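Asks: Chains W and A are the protein sequences, given in the same order. Note that this note's numbering has the first sequence beginning at 1, numbered continuously upward. Note that this note's numbering has the second sequence beginning at 1, numbered continuously upward.
Keep in mind the hints are simulated off the structure, nothing from the lab. Being a predicted model, the structure only gives us computed values, none of them experimental. Be aware that a few hints might be false.
[What the hints assert, rightly or not] Only part of the chain W face toward chain A is listed, based on derived beta-carbon distances under 7 Å:
| hint | residue |
| --- | --- |
| 1 | Met1 |
| 2 | Glu5 |
| 3 | Glu65 |
| 4 | Ile100 |
| 5 | Glu155 |
[Claimed, not checked] Which stretches of chain W does chain A cover? Using the computed rule of at least three CB atoms under 8 Å from a CB of chain A, they are:
| hint | stretch |
| --- | --- |
| 6 | 71 to 82 |
| 7 | 161 to 170 |
| 8 | 228 to 239 |
| 9 | 259 to 272 |
We put the CB at the ideal spot given by N, CA and C, even for glycine.
Protein chains: 2
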Amino acid sequence: MSFLESLAARASASNSLLCVGLDSDSQKLPSHLPAKNRVLAFNKAIIDTTADLVCAYKINSAFYESEGSAGIEQLKQTCDYIKSNYPDLPIILDYKRGDIGNTNDGYVRFAFDYLGADAVTVNPYLGAEALKPFLDRADKGIIILCLTSNPGAGEFQNLEVNGKKLYEVVAEKVKSDWNNNHNCLLVVGATRPEELAKLRQLMGENFVFLVPGIGAQGGDIKATVKAGINKSGQGIIINSSREIIFASSDRDFDGASRIRALKTRDEINEAREN
Amino acid sequence: MSFLESLAARASASNSLLCVGLDSDSQKLPSHLPAKNRVLAFNKAIIDTTADLVCAYKINSAFYESEGSAGIEQLKQTCDYIKSNYPDLPIILDYKRGDIGNTNDGYVRFAFDYLGADAVTVNPYLGAEALKPFLDRADKGIIILCLTSNPGAGEFQNLEVNGKKLYEVVAEKVKSDWNNNHNCLLVVGATRPEELAKLRQLMGENFVFLVPGIGAQGGDIKATVKAGINKSGQGIIINSSREIIFASSDRDFDGASRIRALKTRDEINEAREN
Chain W
1 MSFLESLAAR ASASNSLLCV GLDSDSQKLP SHLPAKNRVL AFNKAIIDTT ADLVCAYKIN
61 SAFYESEGSA GIEQLKQTCD YIKSNYPDLP IILDYKRGDI GNTNDGYVRF AFDYLGADAV
121 TVNPYLGAEA LKPFLDRADK GIIILCLTSN PGAGEFQNLE VNGKKLYEVV AEKVKSDWNN
181 NHNCLLVVGA TRPEELAKLR QLMGENFVFL VPGIGAQGGD IKATVKAGIN KSGQGIIINS
241 SREIIFASSD RDFDGASRIR ALKTRDEINE AREN
Chain A
1 MSFLESLAAR ASASNSLLCV GLDSDSQKLP SHLPAKNRVL AFNKAIIDTT ADLVCAYKIN
61 SAFYESEGSA GIEQLKQTCD YIKSNYPDLP IILDYKRGDI GNTNDGYVRF AFDYLGADAV
121 TVNPYLGAEA LKPFLDRADK GIIILCLTSN PGAGEFQNLE VNGKKLYEVV AEKVKSDWNN
181 NHNCLLVVGA TRPEELAKLR QLMGENFVFL VPGIGAQGGD IKATVKAGIN KSGQGIIINS
241 SREIIFASSD RDFDGASRIR ALKTRDEINE AREN
């Protein structure tokens with residue numbers, strides 16, 4: 001099964017478009033966790049209490065790299081844990097890579113061979129020729145940065161290129177040239193519902209968007225669902241990270257995460273029904 | 001001393017603008033090397049035979065990530081080895097990161113706190129607001145992708161934005177807004193000498209360019225030096241990776257690397273004198 005097939009199957013089975021971001025910054029974990037492998041211990045608890053509520057986990061590499069090789073080891077063990085215990089749950093490695101082709105081979109090996117991720121985020125700036133090692137992987141999801149959720153995203157992404165915005169050019173290229181293996185998705189921030197609605201029109205009914213930026217970044221769930229969803233009530237993955245995983249720093253942090261994840265999933269589903 | 005000061009001092013002391021890229025892909029190392037920590041063993045040998053010939057080492061993270069936590073451990077040990085044995089040699093971590101600000105904090109910790117790198121490469125697509133955790137580090141070098149060396153670089157980088165190319169817009173923004181801490185450099189591929197010459201004019205005499213793409217990628221040394229150098233015969237770092245570190249796969253691979261590095265340094269210096 002390809003990533004997009006697994007994702008659709010899982011979204012149906014869990015009745016959820018919620019993706020939880022395991023941005024498990026070791027400096028923000030509950031203080032009662034043991035010092036050794038605390039990121040892994042934290043992740044296992046969050047996964048066990050939220051797995052039935054999500055269509056995927058997104059793991060941002062930065063929060064593991066910050067701890068060096070010990071962090072990478074816990075990233076690997078987190079992926080192994082999900083694959084062993086929740087084998088139908090897709091793993092998105094959010095690492096926003098993009099280098100020349102020869103170098104991207106190394107990043108491909110990290111994501112798919114070492115970690116066993118099902119999808120990755122990549123940066124378009126070097127072009128499709130450079131991203132070929134990613135785009136060639138028909139079994140995986142290749143999620144291309146289009147319009148990001150940060151306040152300053154427009155500095156480049158909104159530049160005018162022949163009457164279009166740069167982010168629209170990215171989307172059009174993905175649509176016309178990059179998606180021959182039907183494995184491409186786009187990142188569009190929840191902070192940009194108007195643009196998301198336009199991109200849904202441009203990319204067509206079957207295309208899938210990864211939408212970060214609800215929760216701590218301020219994106220609105222109703223507006224996001226209305227703008228992004230396709231006619232089947234699918235076609236978006238809505239990510240929330242900090243608001244869910246750091247819902248509490250008490251001993252019952254995982255229970256608090258479950259309550260927040262359930263609330264978010266249900267809010268998304270309510271918006272889907274309207 | 002800031003990165004740019006260390007770099008200038010080292011370039012003068014070694015009479016070299018050559019940067020050697022430790023793109024030490026474990027799948028390409030000489031077969032006689034021991035299985036355990038072979039990347040580190042390889043790097044130590046290359047470093048010991050080339051250190052007096054270079055102004056910096058550039059280490060591309062992808063080739064270490066591909067080996068997972070063991071690769072990251074050897075990346076760390078490589079940095080430690082350079083810092084202990086060649087303390088005046090700057091280390092550039094080539095990892096082309098770029099995420100939202102909160103996440104870039106993690107990448108900053110990886111590069112500067114964990115590895116102790118002196119400079120990093122970053123991707124401009126999310127804008128200066130997102131890159132603030134990097135740009136705020138006045139002591140470090142922040143090397144922004146501008147015009148890359150890969151054949152397909154122009155797909156986005158040459159797009160027309162108000163009569164300018166996108167890569168020129170990147171350069172202008174760096175010049176006018178991003179470089180308040182005087183810590184910015186730009187990546188411009190050796191495969192683009194005409195554009196490099198224009199960028200030298202735009203960015204002024206004191207600006208420094210990191211120029212990859214000679215050697216395996218086909219960039220010409222003479223044309224690069226002529227296009228990029230400032231009036232003091234400095235202002236560029238010319239990187240060569242594969243051609244130098246994989247000069248031979250024999251037992252004498254490090255000796256072969258030295259010969260190739262010496263030849264490259266001297267070719268650069270000849271071009272500087274003309």
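Asks: Hints first: check each against the structure and report whether it holds.
Replies: To see whether the hints hold, each was checked on the structure:
1. Met1: violated (25 Å)
2. Glu5: violated (27 Å)
3. Glu65: Since chain A brings a Cβ to about 4 Å from W:Glu65, closer than 7 Å, the hint holds.
4. Ile100: With Cβ-Cβ at 4 Å, under 7 Å, it holds.
5. Glu155: With a closest approach of 3 Å, the W:Glu155 hint holds.
6. 71 to 82: Satisfied; 3 residues make the cut.
7. 161 to 170: holds (count 5)
8. 228 to 239: violated (count 0)
9. 259 to 272: violated (count 0)
Of the numbered hints stated above, those contradicted by the structure are hints 1, 2, 8 and 9, listed in ascending order.
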